[in-house]
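J.: As a plain string of letters, each chain reads:
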Amino acid sequence: MSEQAQMHVQQNGHDPRGMTMHGQSRDFLTIIIAEQRFGIPILQVQDVLSQQRVTRVPLAPPEVAGSLNLRGRIVTAIDVRRRLGMEPRNRDSTREMSVVVEYDNELYSLIIDKVGDVLTLQDDNFENTPGALDPAWRDISSGVYRLDGELLIILDVPKFLNTVHV
Amino acid sequence: MEKPSSGDPDLKIGGVLSQDELDALEAAFQAAPGPEAIAEPVAEVAAPPPPASAPETSAQEPQDSQSGSVSSQSLRVNVDVLENLMTLVSELVLNRNQLLQILRAHSESEFSAPLQRLNQVVSDLQEGVMKTRMQPIGAAWAKLPRIIRDLSLELGKKIDLDMRGQDTELDRQVLDLIKDPLTHMVRNSGDHGIETPAARKAAGKSETGKIVLNAFHEGGHIIIQISDDGKGLPLERIKSKIIEKNLASAEELAEMSPNQIQQFIFRAGFSTAEKVTSVSGRGVGMDVVRTNIEKIGGSIELKSKEGSGSTFTIKIPLTLAIVSALIVESAKERFAIPQLSVRELVMATSDGENRIEHIKGTPVFRLRNHLLPLVSLSTLLKIDTPAAENTLPSALAKHQYIVVVQVGTSDFGIIVDRVYDTEEIVVKPVAKILRNIELFSGNTILGDGTVIMILDPNGIARQIGEVDTDTKIDSAGREEDVLSDYGKKTSLLLFSAGDKTPKAVPLSLVARLENVDLTTIERSSGQMMVQYRGQLMPILPLDPSVSATGEGEKPVLVFSDKNNSLGLMVDEIIDIAEEHIHIQLDSGQSGVMGSAIISGKATDIIDVGYFLSKAHKGWFKDHGDEPFSSEGAKRNGAAGSNGHAKKRVLLVDDSPFFRNMLTPLLSMAGYSVVSLESALAAMKLCDKGAEFDIIISDIEMPDMDGFQFAQKVRDNSLWKDVPMVALSSHATPQDVNRGMEMGFSGYVAKFDRETLLNTLSKTLSDLHAKRHQEGGAQ
Numbered sequence: 244m245s246e247q248a249q250m251h252v253q254q255n256g257h258d259p260r261g262m263t264m265h266g267q268s269r270d271f272l273t274i275i276i277a278e279q280r281f282g283i284p285i286l287q288v289q290d291v292l293s294q295q296r297v298t299r300v301p302l303a304p305p306e307v308a309g310s311l312n313l314r315g316r317i318v319t320a321i322d323v324r325r326r327l328g329m330e331p332r333n334r335d336s337t338r339e340m341s342v343v344v345e346y347d348n349e350l351y352s353l354i355i356d357k358v359g360d361v362l363t364l365q366d367d368n369f370e371n372t373p374g375a376l377d378p379a380w381r382d383i384s385s386g387v388y389r390l391d392g393e394l395l396i397i398l399d400v401p402k403f404l405n406t407v408h409v
Numbered sequence: 055m056e057k058p059s060s061g062d063p064d065l066k067i068g069g070v071l072s073q074d075e076l077d078a079l080e081a082a083f084q085a086a087p088g089p090e091a092i093a094e095p096v097a098e099v100a101a102p103p104p105p106a107s108a109p110e111t112s113a114q115e116p117q118d119s120q121s122g123s124v125s126s127q128s129l130r131v132n133v134d135v136l137e138n139l140m141t142l143v144s145e146l147v148l149n150r151n152q153l154l155q156i157l158r159a160h161s162e163s164e165f166s167a168p169l170q171r172l173n174q175v176v177s178d179l180q181e182g183v184m185k186t187r188m189q190p191i192g193a194a195w196a197k198l199p200r201i202i203r204d205l206s207l208e209l210g211k212k213i214d215l216d217m218r219g220q221d222t223e224l225d226r227q228v229l230d231l232i233k234d235p236l237t238h239m240v241r242n243s244g245d246h247g248i249e250t251p252a253a254r255k256a257a258g259k260s261e262t263g264k265i266v267l268n269a270f271h272e273g274g275h276i277i278i279q280i281s282d283d284g285k286g287l288p289l290e291r292i293k294s295k296i297i298e299k300n301l302a303s304a305e306e307l308a309e310m311s312p313n314q315i316q317q318f319i320f321r322a323g324f325s326t327a328e329k330v331t332s333v334s335g336r337g338v339g340m341d342v343v344r345t346n347i348e349k350i351g352g353s354i355e356l357k358s359k360e361g362s363g364s365t366f367t368i369k370i371p372l373t374l375a376i377v378s379a380l381i382v383e384s385a386k387e388r389f390a391i392p393q394l395s396v397r398e399l400v401m402a403t404s405d406g407e408n409r410i411e412h413i414k415g416t417p418v419f420r421l422r423n424h425l426l427p428l429v430s431l432s433t434l435l436k437i438d439t440p441a442a443e444n445t446l447p448s449a450l451a452k453h454q455y456i457v458v459v460q461v462g463t464s465d466f467g468i469i470v471d472r473v474y475d476t477e478e479i480v481v482k483p484v485a486k487i488l489r490n491i492e493l494f495s496g497n498t499i500l501g502d503g504t505v506i507m508i509l510d511p512n513g514i515a516r517q518i519g520e521v522d523t524d525t526k527i528d529s530a531g532r533e534e535d536v537l538s539d540y541g542k543k544t545s546l547l548l549f550s551a552g553d554k555t556p557k558a559v560p561l562s563l564v565a566r567l568e569n570v571d572l573t574t575i576e577r578s579s580g581q582m583m584v585q586y587r588g589q590l591m592p593i594l595p596l597d598p599s600v601s602a603t604g605e606g607e608k609p610v611l612v613f614s615d616k617n618n619s620l621g622l623m624v625d626e627i628i629d630i631a632e633e634h635i636h637i638q639l640d641s642g643q644s645g646v647m648g649s650a651i652i653s654g655k656a657t658d659i660i661d662v663g664y665f666l667s668k669a670h671k672g673w674f675k676d677h678g679d680e681p682f683s684s685e686g687a688k689r690n691g692a693a694g695s696n697g698h699a700k701k702r703v704l705l706v707d708d709s710p711f712f713r714n715m716l717t718p719l720l721s722m723a724g725y726s727v728v729s730l731e732s733a734l735a736a737m738k739l740c741d742k743g744a745e746f747d748i749i750i751s752d753i754e755m756p757d758m759d760g761f762q763f764a765q766k767v768r769d770n771s772l773w774k775d776v777p778m779v780a781l782s783s784h785a786t787p788q789d790v791n792r793g794m795e796m797g798f799s800g801y802v803a804k805f806d807r808e809t810l811l812n813t814l815s816k817t818l819s820d821l822h823a824k825r826h827q828e829g830g831a832q
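First to last, the protein sequences are chains F and U.
This note's numbering applies: residue 244 is where the first sequence begins, and numbers increase by one.
This note's numbering applies: residue 55 is where the second sequence begins, and numbers increase by one.
Simulated pairs of lysine-lysine, BS3-like, Cα-Cα distance not exceeding 30 Å:
(1) Lys668(U) <-> Lys655(U)
(2) Lys742(U) <-> Lys359(U)
(3) Lys486(U) <-> Lys402(F)
(4) Lys357(F) <-> Lys486(U)
Under 8 Å between C-beta atoms, here's a sample of chain U residues computed to sit facing chain F:
(5) Glu145
(6) Lys486
(7) Ile491
To be clear, the hints were calculated from the coordinates, so they are not data collected in a lab.
All residues carry an ideal CB built from backbone N, CA and C; glycine is no exception.
One chain only, chain U, in its complex shape (with noise of 0.2 Å):
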């Protein structure tokens, strides 16, 4: 019984053990390879050193391994040398690794038994050498109670410092690589968060502010948490500051959680503080602080609550030179991913619940009620091959795995053909030349000795813009979707009527297809109508050959806006096709506005505005006096001919029948088009920052008339110069003298649709021979 008795812990820990399990542990002990094993019970209390010293250290550490001295146990050793001792190792363990996937493949082996001790070895002595480039996490602390002193001297509060868990151990590397974020975040502790005596007072706390360090280990990680219970982050401040970086509307801050708001503190050049001080103010903090931690495969987070102190939490990785990655395929490459990342997996299949759904194109799953933005990595790394695109559709029908990666307080989901296991891999850094792709933040070798790329989380977060704030894809994605407008497929309704060509309008300025009985289509006038809906609708035959004569129904497209209505007859409903409309040869027909490829057929697409003028002139409400607009563009060139590149121009018009017709016609002419329904809209837009080259508004809108639109415009910065044109059924020349006050460069008719075109193209042609002037003079 002398073995346990060597002043071992175990003692304590054995008295409420029971006789039989005190035999089973001596038994065990007994087993225990050798007897200096026994001999060393200090190897739980200090570091072990590292196997090459150990001869020195070994002999005199029995004597006095309970005296505490720490100094008599510890020797300095070069860092190189630990250095070096790491990296033998962790070649060790990917041979250990390869061999232990040999011996998989072999499960009757006579190896099996050595191997498994050799794995036990080496798994203890990674672990040993890792030790020896464990440092206590108090080191990185030791300077901050200073810095806490002459700040609180400085600013004149009272701070108290609380410094928990500064035993924790972690590597030397990572230590390194916290020290200046701990530093700053400390310090912005005590100068944003403590507040001032007095104010403390006031708010009922006690005059002493209190910082709160704590690190501790948790599931294989560093948590480290600063903490305050100072004044917490001041939102409505985070707000304005945003507002004025343009960083986001009021709208959409309106929609955000506190907490959403908060993270735009680590975004970059973000600083709330009133005034530089010399601690704090200059910006360069916390996007700096997160940009550290995350380089190391760690993650901040942020919890504040304005009043009561806030409170970082730091989550970093024991080592970086060793760590766990969960291995998976995508297009038959494989590629791993690393495990402190990867919160869950999910398996969607094609059908039932857990299934990928795609929102414009995006591809998004429902995991527990929350949407989560996927990206698949073969299209991320581009590497869909052409073998792998005939494989996978069948295999994609089946199921998909869905890594769920959490970058900073973002999740998102990377869809991959096929999830292997985790393995332990060493990081190894990149060759240079590969060092700029963001998304891989090393490679390795497998257990089988292939190579493979580590992806960065953080860069595919970068990459697809999945970070900072926690944007709900439904709440703040849908200004997005208006910009993405640009370069947008079309839905397209395809129809045939006379000829074989078949003939196309977009679907969205349809407003209803109806089989009308041809028996029912009376004739007033010369103009055929039908009685819809208790109102009269003319008809017009889309081409002059679609009889509309004898029994029978034929199909008609119907038009409508506010109250009035308009059916175009055809022959034949064809398809609903998606497309980008390319016009490519214009045609000189009346009623089509030119000829594009759609579903590999020459289509033509037909001008609804055309047959709209055509079949009442009640439609576009024009009081029939335009005198600017018909002399005003005539003599101007064609649209575009100023032969730039695609110019922007925002439709801002709260009837969606004009936008809808406008829209592919201002894009049929060249321009990429982004059409709001009101004033406020494009305000918000504006505040966001996006820009155009030309504003074209209606006049008449609920809420903002095109008047006050334009006023708006012009006191604000950042489309004062924008050249706005007005458009409007009122083209009286008192209108266009208000207008022209108001800041309109043009006045346009809404039903000329050509004069239309050519105040744009003359306006800015004009504007660009005026900045062209402008340029030279200087």
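Okay, chain F solo, but in the shape it has when bound (with noise of 0.2 Å):
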């Protein structure tokens, strides 16, 4: 199954557990952003970069933090955290790190703190987003796995980059 027909259904939305028809478990990487654990779906992940030369791209929105080349293509950089309204990585701690996805036949690459592992996990510990969860959050998760102890938001991606379009 591709990974577009999988983005698809997700954009849907209707049926978060529609992600899960052929298994019981699924593959997500882990992201950190501002000690939040976050989930991208394996599937859409094309790439891990480190640290990446970013061209500036004057008079854009304030999230894009700029273009950069990935083997031929440009990619959009978009750094995640003034996205969701956070307060900007402390320069001096660790390298900073980016997830590159596709998009509507475009690259994209989020710009968060840290890479986590991947972690392959179960349907039944998979619920809605809750209500409770930070608005800003909240407008770009497809739901949340409890971990022993924390939670993974699930970042739905197309979401997250629709809001950025506006």
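Since each chain comes alone in its own frame, lean on the hints to assemble the complex.
T.: Below, the structure is given as structure tokens:
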């Protein structure tokens, strides 16, 4: 099943469990933004990059960090912290990372704090986005997984990028 | 010798070569790689097929290469295949560029020879693949004869369509994009350009009109010309249309060249056809044509002579995929400018003749006696980093590069910090998020792997408003200057008098600065005066503590209007500063308007009017009786009490002195003021569509007095509802009545500034209330 089709299912979003049609568990790449763990469906991830040379784009929306060259394709870098209205990252902490995702035939590199492990998660632990979640996060997530002692918010890439477009 | 003999056209050329050259040529042929290459002399005749499909086609090529039957040599390939191939080649070109860039850093490298060969092959490949996308322009013209035939039947005209250069090839993508504009323009030529047979005969031309379409290559571009021998563009009709549409005033048009006026046909909604026909006159024509052509990086020029026809010249790039671009740097960021629109590069130095000058804060450059408007790339893109600001001035001081760019018929310069090489770049569309930034037409990856943005000269031109007509700054810019006076800085003369607080008056009010020898001051009936230019000029100390006794000289600010002068004696002139006057503290002190921060210090703004009325009553020529004004407005609240955003005031007064005095007064009261010296100038502004909330007009003016002005304004559509306040030294009841009849809603004596402000605010709030009522009634 292609990524595109999967994204499509997610885009419809009415039945988040639709994602799990072909299995009992799913793989997620975990990323960390401001101490919060997020998960991105692993099949949507094209690349994980360390810090890159990014060309600033003048007059662009503030969350657009710039453009970069990924093997001959131009990737738009999105500062996720900025987009979520968080404090900018502490410059002298660890090097920033980015996760490249494809949406609508365009590549986006999401600049995040850290990349964690790839987790295989059971569908039983999946829940719809709780209403009590921070609205900024609620808008970009398709659900959560209960992990030991913490929540993994599933980042809905199309939703996230769509909000950048507006 | 059998090699070149295979029916190769080269043989003919060989005839004029010397034997030596021929030998050299043969040697070159021998050295060329592989005998197949020689066995395929068709390479130049037919477009080489895409490499992917080469094996199938090359098999039968040698036999029938001369037979000329195109069908046997061509094969259908899905466009997608070609597009994909093109993308791959684009990537290859980028990689080649990258390798070459690396090679440049290592001059002595074993890779250099193979890389040069690779370079050659890639260039050929690029060219070859580009050719697969090429189609003769005739394909886009196929329908034109029919269109013209239909048109001539419908309109009863005799039209001959002459198409030349149909074999000129251009990129399929470009071809698709210009098809419609071309059709439209040819239709236009037939409909607007060519006259009826009778009219042509009367004009001494043959009955059959001629439309010539010509396409040819010129320096990497395709030029398409559409010319007709019809009646040309009707200048007068265009002019009246321009005025009707309020695009320019009659006076401005008078200063424009015919060519400039003709350019107006490219404006949106512009149609001069007397009646709408099925083919034209709907006013959606030429602006769409131009937009389409500019979209593909092309340009369109127009030459027309009334009576003998018009010629449109379209210049478009051969292909859209790979363009040559100039790489520039600004504020440490690099950008690409398509070479197609770059006219030339100029280096400006801080001294000497090649200097960037500033007119009203706008940088301009004198390029061969033509004023070239400039725009700084860093300002345009708002990329003035603090770091760059620190380093730039020193760099600026030495030299700056100006990229002269042509968009349509107008030129402008882009100031950049550095100019690099030109590079062949593959234009890639920008991400959707960034697509609404109109300054960029795309982005690309440079040889060194960095992503850079490609600037769109058309977008820049739109941004800076340097488009449509090639307006010369000094001719047509003046009206804008007047309008842009909203919120402009005021030059202030700073001085000290009495206490330590610096004081200031608007410099424009001061006629002269004089040093007066204190011993020459005479006194008469308690008034100090000096003999000044054969007249007695009253002298007032600005502050009572300014001593006018003793020896030595004191600076005196001389104010004058017509025959009257007044000297204000101060202690010391400090400086001239340019500031926005923003009164922060009202002063209870007479003679001081209030305090403002000027050059970082709290400064008293001097109320010149106070001193003037103190010095001599005759100054304002008031006739004493002002029944209307004195009781008219006192009962009303303070100025600006209706709490609105800045109201726009038009002040018309022929006396520069009063203009200068009232302008700061009004702007301090919270109005934005445009002042003009005559009613004629005001009418001009009205024609241009400027909008005001209230008009203050002097009554006694040369050419057109206030009453006539009011009458004109009331007849005029745009300003007919704008309240007008008369300003006069004649404030007799008769005058007031006459003014009211003419449409003035208020009548104020010139000297009575408080009444003026009250009247303004009352008139505006009355109007507001009235509008409100009307709005509520609906």
